[in-house]
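Engineer: Here are the chains, one letter per residue:
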Amino acid sequence: EADIYQTPRYLVIGTGKKITLECSQTMGHDKMYWYQQDPGMELHLIHYSYGVNSTEKGDLSSESTVSRIRTEHFPLTLESARPSHTSQYLCASSEWDHPKTQYFGPGTRLLVL
Amino acid sequence: KNQVEQSPQSLIILEGKNCTLQCNYTVSPFSNLRWYKQDTGRGPVSLTIMTFSENTKSNGRYTATLDADTKQSSLHITASQLSDSASYICVVTDRGSTLGRLYFGRGTQLTVWP
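Protein sequence lines correspond, in order, to chains A and B. 50 is the number that this note's numbering gives to position 50 of the first sequence; each next residue is one higher, with no gaps. Count along the second sequence from 1, add 113, and you get the number used in this note's numbering.
Hints were generated in silico from the structure; no laboratory data involved. Possibly wrong hints are sitting among the right ones.
Taking lysine-lysine and the BS3-like style, the derived pairs with C-alpha atoms no more than 30 Å apart in a straight line are [said to hold, decoys possible]:
hint, chain 1, residue 1, chain 2, residue 2
1, A, Lys-18, A, Lys-31
2, A, Lys-31, B, Lys-130
3, B, Lys-130, B, Lys-170
4, A, Lys-18, A, Lys-57
5, A, Lys-57, A, Lys-17
6, B, Lys-170, A, Lys-31
Covered stretches of chain A, as calculated for chain B (at least 3 residues, CB under 8 Å) [unchecked claim]:
hint, segment
7, 32 to 42
8, 106 to 113
Here are some chain A residues pointing at chain B (derived, C-beta under 10 Å) [as the list claims (entries may be wrong)]:
hint, residue
9, Gln-6
10, Tyr-10
11, Val-12
12, Asp-59
13, Leu-90
14, Cys-91
15, Ala-92
16, Thr-101
17, Gln-102
18, Tyr-103
Backbone N, C-alpha and C fix where the C-beta goes; we use that ideal spot for every residue, glycine too.
Sequences are here, hints too, so could you generate the full structure?
Structural biologist: The following block contains the structure:
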C-alpha cells in the first residue's frame, strides 16, 4: 500500500465555490502529479511538479492551479468550481530516479452542482 | 488518437474462470509497460511491469506478456475471484520521457460473478 493520501475522498459543492483538494505523501518523493479521470476514460495528466517550488501544466488543459511549498504536499485548487469540473482527481508521486514507478492516492470524486 | 488501446472495453466472467485482456500501443520509443488494477473509487495499483527485453511477467494469478515487435501486451488472469472485479489499465512509458509521463489506456472493466 502506497503512503499517499488524498482528502476529501468525496466532495459535492455548488457552482462558484472555491475548493482545494489535498494530496500528501510520506515517501519523500520529489515528483508529484495530478490526473483527471472521467468514468470509462483514461487518466489525463493536468499538473506535475519536479520538487519544491516547481509546478508545470500537464497534457490536459485545466482551470485548476497547484502549489508545491513542501515536498510532501501538492494541493490542487479550483477558484470557482463549475459543473464541467465534475470528475475524479488522482494524485501520484514517484522517486526522481524511478519516475516510471508512480504511486497513486485513492482519489477525490468531485461533483459540482 | 490514444496511443494505448485496450480490449475488450468490458468483460463479465464467472468465478473460477480464466480471462485474457489485450493492450495495443503505438508509444515510441518504448521504455516499459505496466498493468494496473483500479478498484472502484480507488487509485490504480501496479500489478506488473515489463521492459523491452522482457516478454512475460507473473504476479500470483496475473501473468502479463509483451511482444515489443508487434507492440502488443496481454494480461491473463487465472482462476478468477470475486475480488478481481476492477478496471485493468495498460500504461506505457516512452524512453525519451525524463518526467516519467505515462500513456494510459481506458481500461477493461472486469466483472466476476459468483
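Engineer: Could you run down the list of hints and mark each one as holding or not?
Structural biologist: Results for each hint:
1. A/Lys-18 <-> A/Lys-31: holds, 26 Å
2. A/Lys-31 <-> B/Lys-130: violated, 40 Å
3. B/Lys-130 <-> B/Lys-170: holds, 20 Å
4. A/Lys-18 <-> A/Lys-57: holds, 20 Å
5. A/Lys-57 <-> A/Lys-17: holds, 22 Å
6. B/Lys-170 <-> A/Lys-31: holds, 27 Å
7. 32 to 42: Our answer is that it holds, as 3 residues pass the Cβ test (under 8 Å) against chain B, meeting three.
8. 106 to 113: holds (count 3)
9. Gln-6: Nearest chain B Cβ about 8 Å off; hint holds.
10. Tyr-10: holds, 9 Å
11. Val-12: Interface hint status for A/Val-12: violated (15 Å vs cutoff 10 Å).
12. Asp-59: holds, 8 Å
13. Leu-90: Where the cut-off is 10 Å and the nearest Cβ of chain B is about 5 Å from A/Leu-90, the hint holds.
14. Cys-91: holds, 8 Å
15. Ala-92: Holds, because the Cβ-Cβ distance from A/Ala-92 to chain B comes to roughly 7 Å (cut-off 10 Å).
16. Thr-101: holds, 7 Å
17. Gln-102: holds, 7 Å
18. Tyr-103: Holds: closest Cβ of chain B sits about 8 Å from A/Tyr-103, inside 10 Å.
The earlier numbered hints that this structure contradicts are 2, 11.
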